[in-house]
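Hey, can you work out the whole structure from these sequences and the hints?
Under UniProt numbering, the sequence shown has 180 at position 180, and the numbering climbs by one with no breaks.
Calculated from the structure, these hints are not laboratory results.
Heads up, the beta-carbon is just placed ideally off N, CA and C, and yes, glycines get one too.
Any given hint might turn out to be false.
[Unchecked claim] Cβ-Cβ distance ranges computed for the label pairs, FRET-style: (1) Arg374 x Ala333: 46 to 52 Å; (2) Gly227 x Trp12: 49 to 55 Å; (3) Arg374 x Ser461: 29 to 35 Å.
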Amino acid sequence: MPEPNTPSPTSWWRDTLAGLTQASMTLPQVLGYTRIAHTPAAAGLYTLILPLLGFAAFGSSRHLVVAADSATAAIFSGALAPMAPPGSAHYLALVGATALMTAAFLLVARLARLGFLADFMAETVLAGFLTGVGVQVSVGMLHDMLGLESHTTNALRQIGELATTLRSTHGLDAGIAALVVAGVFVGRARWPRAPVPLAIVIASIGASAAFGLDSRGVATLGAVPGGLPRLGWPDIGWNEMLALAPVAASCVFVIIAQSAATARAFAGRFGEQVDEDADIFGLGVANALAGVSGAFVVNGSPTATALSVQSGARSQRAQVVVAIVTGLVLLFATGPLRDLPRCVLAALVFTVAIDMIAWRTLRAIRAESPGEWRLALATAATVVAVGVQQGIFLAITLSLFRHVRHSYRPHTMVLQPSTAEHGLEAVPCRPGLETEPGMIVYRFGADLFYANAARFTGDVSALVARAPHRVRCVIVDAGAITDIDYAAAHALRALIAPLQASGVTVLFGRVSGYLRADMRRHELTDVVGEAHLFDELHVALAAARALRDVSSGAPSPPPAAE
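This is the structure in structure tokens:
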């Protein structure tokens, strides 16, 4: 059997067939994404040539497909629409410049090894963000599906427009769109591997040409320029480039989070490893090539990746085939695209947008963690009501807030005698608890830093003050503490000194090497005493019992298991 990176004739043939299958499904999809991006159809096809090849050459993931994506298209189209008329030459220059700035940010992220940023986008909040994008995009497609004009990119305003113009619905557009949506869902259920979208596109082009749908009021795609993309630098000024920075930053966060999540998911399915930093570099190269080739921002696409894997692709060779097929279409087959009804493209994008709504994930989050479910809904609502760019920043903020909140208010426990003979169990901390007469074992569930130090000192002080028996020893179970900052170290000194003065000995159990080094640096070891720092909790318990018995003169009870 060949090594994973050693191509065999069988693997070449498998990836070639997979690439042909994927191209038949992806080409209609990217044409639809141009409706979200407000760009010519050719720009969507261009995303499947140089950007696809760029990531295939420099990325680490064997499965991630980098191409046009609805989330990033929604981000930049919503932000650029107020800056230039959508579809104009100036707008297209801004689109290309956004891709170049996104590439620059991604390359900086690679140099700074910021692949870990993907970990800060909580899965729950990402689900809310993608749900919001799905709702926003699906609402945005309704006008084209019904043959109506829209004059805004805001989802709520679009709903308002629909309410006032619904009577002007073009029946033929609406009927065709309904058939397309039904065809996609029925085809997906009955023939999941068939290129149903391609069949719909071909059939609709044939019907449009045969019956003259454009003369009956059905808007069509119009002329699509043929030929391969021409390389060039977007013609915009530096002030406009600076204005694009927030847009590009929003795209970068979505690209890193979504691409990493997708690459990890499919690598795990095949028992492979991915290098996030290498993938970020590949994504940067792909966006740079998009910016100079007339395309727009590209992203690691979950739907395209799943489609590729379902088609049988096991390496990036399949994407090379997709790029070749797209080039051939641009060279020899753009003519028929002029007859493609816009309502068909809108309906295809509508089905993709509906799939983005994370129904199952949100239900699971609600059942397991109602608080996180509310955060996900807040993110989705912001995307729909305000915009995708604002939604992504809220998603990042909420993800960080969730992490900080957990560190700020960690779980705190007191070890108590359990029902098992001589055993101990952890129960939520509250004043009045003790582990044994004269001894308290307090467990803190996070690193100690300035924001949670007051919680730590307050808990210990209250436990000592309201203990049923006079406290002789306090053991800090430090298994979850690996770091102490300057403010927390000062708070610990202020806590320990009066306890020691009142005859209470403070010990630390399960002290890691990192924590021991921090305590030495902050001179806490001198305050606590090196002899009172223990690697194991049971050793700390034995030492505390001995100290307690010496100070009280009472016999030691039977030792309890840790």
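Consistency of the hints with the structure:
In this structure the hint that Arg374 and Ala333 lie 46 to 52 Å apart at CB holds, the actual value being about 49 Å. Between Gly227 and Trp12 the beta carbons are some 29 Å apart, a value that contradicts the proposed interval 49 to 55 Å. Taking 29 to 35 Å as the suggested C-beta distance range, the pair Arg374 and Ser461 conforms, at roughly 34 Å.
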